[in-house]
Amino acid sequence: MTMDAYKYEDGSISYPGHPRGPGGTEPVDTVDLSEYTAEVVTWTKSTATPPGVREPNTLAIVEFDVEGESVRAIVQLTTDDVETGDEVEPVYVEELREPGAGIREPESQDWDGYRFDPV
Amino acid sequence: MERVAVIGASMTQFGQREGWILDLLSEAGIECLDDAGVDAEAVEHLYVSNMASGEFEGQTGVPNALAHDLDAMPAYTQRVDQTSSSGGAGIYAAWQSVASGASEMTLLVGGEKMTHRTTGEATDVIASLTHPVEYKTGVTLPSFAGLTARHYLERFDAPRESLGKVAVKNHKNGVDNPHAQFQKEVDLETVLESPIVADPLRLYDFCPITDGSAALMLCPKSVAKEYTDDYVVIAGIDGATDTHVVHEREDPTIMGGVVESGKGAYEMSGYGPDDIDVAELHDMFTILEFLQMEGLGFAEQGEAWKLIEEGYTERDTGELPINTSGGLKSKGHPLGASGVAQGVEIYEQLMGEAGPRQVDADIGLTCNVGGFGNCVITTIMEAAQ
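Chains as they are written, first to last, in our numbering: chain A, 5 to 123; chain B, 76 to 460.
Derived by calculation from the structure, the hints in this document are not laboratory data. Every value quoted in this text rests on a predicted model; they were computed, and no experiment measured them. A few of these clues could be false.
Which residues of chain A face chain B? A few of them, derived with a C-beta cut under 10 Å, are [what the hints assert, rightly or not]:
1) S18
2) V45
3) V66
Here a beta-carbon is modelled for each residue, glycine too, at the ideal position from N, C-alpha and C.
Go ahead and model the full structure; you've got the sequences and the hints to work with.
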């Protein structure tokens, strides 16, 4: 399991990757963000969650520093004992939400992934 | 390019309604035809703003069905879906149809039927607009609001109470709107002690789940004079998008779609933020009222909360009344209807028909936000000279 971001000609990185990046350029490389720690930019504990989602569901926008280039992601956290600015690291989980419970087609989703835990 | 007039408006009772999407759309459509004094056979284009009747109800093909129910055949029909900004996008589509000369009488009806679904199901239908990397985390639109609100409060050292005061103000305005879902005041203590939904935001920071419909009748200014001496003109309108993926925005407190659509609407109209007398902003969450005030130039970045604290946006005493209708917060948010209903409120304000909600206004603005700022329509209307 990887957490692939795309790298573009100008050095910028996006997660998720897009087929066209800045200036309409194609991606030139991928970066596996699961190999990095990240910093919490902001977070929330959601208590009104949709079918198939854990309750409460603590989420954060985190920022990775990949060799001087920053890239952000929205992730689940393992705990709500967290503050803005905390460093977090990925922990593999087999299921982020129950595939059959939501309205999207389950097979269209990758349901395993990473939760992030304070370092 | 034709100047486009609005000559009629209507909205149904918002809230938990009997009947299904077609019933609601028909109710608003018939009332709008009556309000404008236009025969259904005169309607050349019929637009329906609706996000998800297929997902909520299993009903598709709604525009054609509505044309039949209104006896508006053979009008051209089209559904406009832009998630929560479907209504604003409908105004843009209807404006384009008239401004281009393609139609001399365009009826826009927006609506949504949602309350038969559980809160979790409705939340999931709405969250399905997110990117898969967002959706699989279980993120909801309220979660985005919680993430953004915490960032805003921490970064700009804004008090939590200022967000609560948005809810208090809009509920107070909704008391005088007979079509509003909630016609009751709430005090700040109630807002701040309500259950947490996505901290730091609580239940009263969020709009409800709502059924309802609203409609507007548009035609060229030259045609409007055949029907009435009193009407409203769309002075400026524009739409814009921001990133689909919310966390990819460089600054979480700037909604690029609001900024860009606002710029376009101001440029077309020749007006600026200081010219606006009244505004309807998309307060699906209290934090959104701040972000739109700043994106539209009513406040500097990080300072909208100060204007709330000063009473600048109060209906009866403020310099710029915002959400005189009660906003989505109190009036309700039937997705496809909301942007149209914003237009209905500004139409009524400019026509002097807002009753106890009336403010002194010649120029009004609506800002309708889809997703979490993913797509935005800003419209500026003025009373006919």
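So, going through the hints one by one against the coordinates:
| no. | hint | result |
| --- | --- | --- |
| 1 | S18 | holds (6 Å) |
| 2 | V45 | holds (7 Å) |
| 3 | V66 | holds (8 Å) |
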